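Protein chains in written order, with the numbering used here: chain A, 1 to 491; chain B, 1 to 614.
Note that these hints are calculated values from the structure, not bench results.
Among the clues, some could well be false.
[Unchecked claim] Calculated cross-link-like contacts (lysine to any residue; reagent style SDA-like; alpha-carbon spacing at most 25 Å):
1. K436/A / H361/B
2. K436/A / E165/B
3. K436/A / V553/B
4. K23/B / P371/A
5. K554/B / N540/B
6. K436/A / K554/B
[What the hints assert, rightly or not] Simulated restraints on C-beta separations:
7. L571/B / Q353/A: 33 to 43 Å
8. L195/B / W211/A: 29 to 39 Å
9. W577/B / F189/A: 42 to 52 Å
10. F367/B / L452/A: 54 to 64 Å
11. A567/B / L462/A: 33 to 43 Å
12. F13/B / S62/A: 47 to 57 Å
13. H457/B / Y30/A: 46 to 56 Å
14. L452/A / H565/B: 29 to 39 Å
15. H565/B / F183/A: 37 to 47 Å
16. D115/B / R45/A: 47 to 57 Å
17. W577/B / Q353/A: 27 to 37 Å
[Unchecked claim] From the derived model, a few chain B residues whose C-beta atoms are all more than 12 Å from chain A:
18. Q57
19. L378
20. V462
21. W498
22. I504
23. G505
Since the model is a prediction, treat every value here as computed from it, not as a measurement.
Beta carbons are placed, not taken as given, at the ideal position from N, Cα and C, and that holds for glycine.
Spelled out, the chains give:
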Amino acid sequence: MILTNIIAILMLVALVSLIIGSKFSRSLPYLAAGSVVLCFFLLARFASNNHDIFHQAMPLLSVPWITSLGIDYATFIDSLSFILVALTLILALVCILVSVNEIQHHHNFYYFNLLTALAGIIGVFAAADLFLFFFFWEVMLLPMTALIAIWGHENRRYAAIKFFIFTQVSSLLMLVAIIIMAFIHQQQFGEISFNYFDWQRLNLSMPLQYWLMLGFFIAFAVKLPSFPFHTWLPDAHTQAPTAGSVLLAGVLLKTGAYGLMRFVLPLFEQATVEFAPIAIALGVISIIYGAVMAFAQSDFKRLVAYSSISHMGFVTLALFSFSSIAYHGAIVTIVAHGLSSAALFSMAGILYQRLHTRELSKMGGLFASAPRMGGMLLVFVAAAFGMPGLLNFVGEFMTLTGTFASHPVATVLAATAMIGSAIYGMYLFQGSFQGKPHAGVQIADLLAHEWLLCGLLFALLLYLGLFPQSLLMHFEAIYPAANITVTGGKL
Amino acid sequence: MTALTLLPFFPLFSFLILIIFSKRLNWQLATVIALSGVGLSFLASVLLINDLYAVSQSSDISAGVRESLWTWFMLGEHEVQVAFFLDPLSAVMIAVVTGVGWLIHGFAAAYMREDENYSRFMAYMNLFICAMLILVLADNLVLLYLGWEGVGLCSFLLIGFWYQEPGNAIAARKAFIVTRIGDTLLALGLFYLFLETNTLNIQEILAQQDSSPLSSEAAWWIALLLLGGAVGKSAQLPLHTWLPDAMAGPTPVSALIHAATMVTAGVYLIARMQGVYLQAPDILNLVAWTGSLTLLIAGIAALAQEDIKRVLAYSTMSQIGYMMLGLGAGANVAAITHLMTHAFFKALLFLTAGAIILAAHHQQNIFHMGGLLKRMPLISILFVIGIAALIAFPGTSGFVSKEAIIGQLWQSPTAGPAFWWMAILGAFITSLYSFRLVFITFFGQYRGQHELHPQRHFLLLVPLCMLAVLAILGGYIPTNLEQVFVAVDAPDSQSPSWLHSVAIGLPLVAIVVAYVIYFPRANATEPVPGKGSLYRFSRNGLGFDATYDALLVKPFVKLAKLNRHDAIDLLVQLISWNAFTWNSAAKAIQSGRLRWYAATLGIGTIILLLGVML
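Just chain A, same shape as in the assembly (with noise of 0.2 Å):
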């Protein structure tokens, strides 16, 4: 029941704010906030009740739904689905936060979205069955394009149409894929389905394996986002408000990474070994062409849109190297990547609102007046350049040091964004917070809501950092492409 109790409680929220919020738009962000501590409460408390049950997935709340083509409401929980929710429900806190002073029209129905959305992605995370993971990954993409569309910056109309056309053409993909898998269960079991669990009992022959994989990784890989698929986010970061890119990084990116975890790596086994050679040049790719791109960026939210498309690279490298240091690797950086782009990306909105530009040459010096902010800053940038001690640093280097074994060449290519994030994260901070201050710039420093979400982001990324073992105990079991004997796929 727990995350359909929690996606219930988002919807309703978000309908009573749709409804009757205008009549209270100035205590909107309370509701919200309060609604999302709320299923934080439930899910913790169910997780400390159930501290042993979820190594392996556990299913949950199952209805019958449209019985004639076998498709359920069918919902389970293991640690990987815990820990995003867990996530998504933290950033979805510091979304509010961000939102508080930001949003000046219809707040009603940006609050409608914002839940809507956050809904949506926990329902990615909850669904056993595909038909309704499908659905609910439509469910996040609509608000998530309102969100860009609406209460985006000048140029906002252009990429939420783009953003909204590169989803939507990949998940067409993914559909086609679902749907052919849900017959080839009834040509072999008898009877339609689109249950998870069903499908791993499935045996696909091999080339309409490698096809159907195919189809699954490229709506991932769009998600992601991986070279060459990622000019969408650079425009949906830019344009959309704090609290969209915050969202947009910290979890919508996720449900990419989610996507190969869950579905790609165990139901295809044998293809994703096959294209693992492709799947791992598109991680490297990723990684440096995201590292060069961000340090040519001038736009703030731009450079840190490009360090995320540099950062998910490890994460498609991590997955594809079939080593299990290296997937708990990429556990943590999602994990990572998460806090620490939807902190930096927080961080451009409270600029944003000081001084209503994104562009570095027009800040400079601000940590004269705005020390405080400037450090908060420095420990974010230092986190995405991964500083040891901060949660990002334990990523990169399981990933690298478990993809080292089978991939030397890449893993040397790879590690070269340890240099290129050091010099996009250097020109990020001393471009906005070093140098001679702009005559007459004096920004206030850190309000008390704006404390509340960098402190809670430097607090878990500190945590996390030193103690990531208690992010990655239960993941001993869930390994799934433990079995395969890594043969082919080397570069």
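Let chain A serve as the given structure and place chain B on it in line with the hints.
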């Protein structure tokens, strides 16, 4: 909680207090907090080293103390722990870091007194000490890497402490990125080590070398990659270019980070991993080459510097070159002893230079000084003591350690007579640039525009005097380093008997040469910097910066800016451009005018008919 687990965290606590309350603390309070953080660490170090010494007296196995705090993360079956390990090698390091660090903190308190961000400065210094202690105490290489990156970040923060000056920010960035290249190589070395040994615990790796050593290919690569990390941090060829620019930081920073402690981390790393390096004699030879080339090139560059701190920076590079050379020749004990004595006399030199700079209103050009011996006699004498140790004047600490290194070069299987000659030539150059500095700065007429204002705060003078004592006597501090290192067997051939006298005598000859060339004569014109192209070439660090700039930095920046708008996105836009174009073309046809439809109908029919007929 024992002293060992707390040791690195005292400065962390004081860092937290200083950074949280920052400007609300007045100078006295901030000073007390900052000094007590480091001071407690120093006391803990002294206690621990005493205990360690007692243990090693009672048993003859090389003893080490290990304290584990928690499991950081798992690499497969291997637990990477947050754990500290103390043996005679790390004992020397913590003694230097906390002891010299404490003295420098005291000096810094007086030096930075007027700065409006004083607490922030001391906070960064404390954080640096914490990171450096973690680096040297780490029991595994991942934790060492944490310290390694931590000192790099603090170095960045402190070089760019006066961040409003764009030059300082650029120097800070350069230091960080150049060392980061080395760090990446180090990280790759760790990946390779883990692949081969399935552990990253230093003692386990070293123990494995006795039972099942690395294959020679693996050892070759691992040793090379670790050396890459070491040359980045220790400013050796070819990643040395950041160090002279790092002098943009406040002078106590240069003394602490860029002379006494952080830059020697590379030496520590190689010494620590001696077991691995012994499996790769080729790389040991490469270490010797790196050290000897660096010491020569840095020495030549130091001959042409005009900024007192840049002279000292190049001198630091060159002295670390000696340490590397010692490591390459297997003279690890001597190299680490030189690390220790160098920390004493180079910290002394930097701090006295700082006192001069403070008195001369932040004038750093030696050609605008002169005659300081008469005006600041105490500081001048202290400086000359440091110089004496630097050139290994008999009786000083530098003599003990440097002669020990040079003495082992001739017979070493991984070095040899050629390296001995380079070291001797380096010693000659050291003496030459040192006394060029002394003669131009302290003798002749004072050439500055401002009146000198020597400071006499006791926090300024006490650390200087104590460092001067250490610079003279520090070479005789017992270290027990023999317990840690494997002695390299030298072949039994006799080395020539004149080796020692040449090694001792040549630096003294160089003083005379320097006197002839540089000493300001009573009735001669004022000393001026050289004008020749060779002089300018060596003043600019022998063109390394320009080369890197032209070959690496500029192309990278150009390439990145060229693709600013993302070539891939252009392809995507091509698709949408196509859609829009065909859309408007199709729209144009659907004009709604009957005549246009009739005409196209007619033309179409004619084309069709023609097609049929032909």
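To see whether the hints hold, each was checked on the structure:
| no. | hint | result |
| --- | --- | --- |
| 1 | K436/A / H361/B | holds, 22 Å |
| 2 | K436/A / E165/B | holds, 6 Å |
| 3 | K436/A / V553/B | holds, 24 Å |
| 4 | K23/B / P371/A | holds, 11 Å |
| 5 | K554/B / N540/B | holds, 18 Å |
| 6 | K436/A / K554/B | holds, 24 Å |
| 7 | L571/B / Q353/A: 33 to 43 Å | holds, 35 Å |
| 8 | L195/B / W211/A: 29 to 39 Å | holds, 35 Å |
| 9 | W577/B / F189/A: 42 to 52 Å | holds, 48 Å |
| 10 | F367/B / L452/A: 54 to 64 Å | holds, 55 Å |
| 11 | A567/B / L462/A: 33 to 43 Å | holds, 38 Å |
| 12 | F13/B / S62/A: 47 to 57 Å | holds, 53 Å |
| 13 | H457/B / Y30/A: 46 to 56 Å | holds, 55 Å |
| 14 | L452/A / H565/B: 29 to 39 Å | holds, 37 Å |
| 15 | H565/B / F183/A: 37 to 47 Å | holds, 44 Å |
| 16 | D115/B / R45/A: 47 to 57 Å | holds, 51 Å |
| 17 | W577/B / Q353/A: 27 to 37 Å | holds, 36 Å |
| 18 | Q57 | holds, 37 Å |
| 19 | L378 | holds, 37 Å |
| 20 | V462 | holds, 32 Å |
| 21 | W498 | holds, 48 Å |
| 22 | I504 | holds, 44 Å |
| 23 | G505 | holds, 46 Å |
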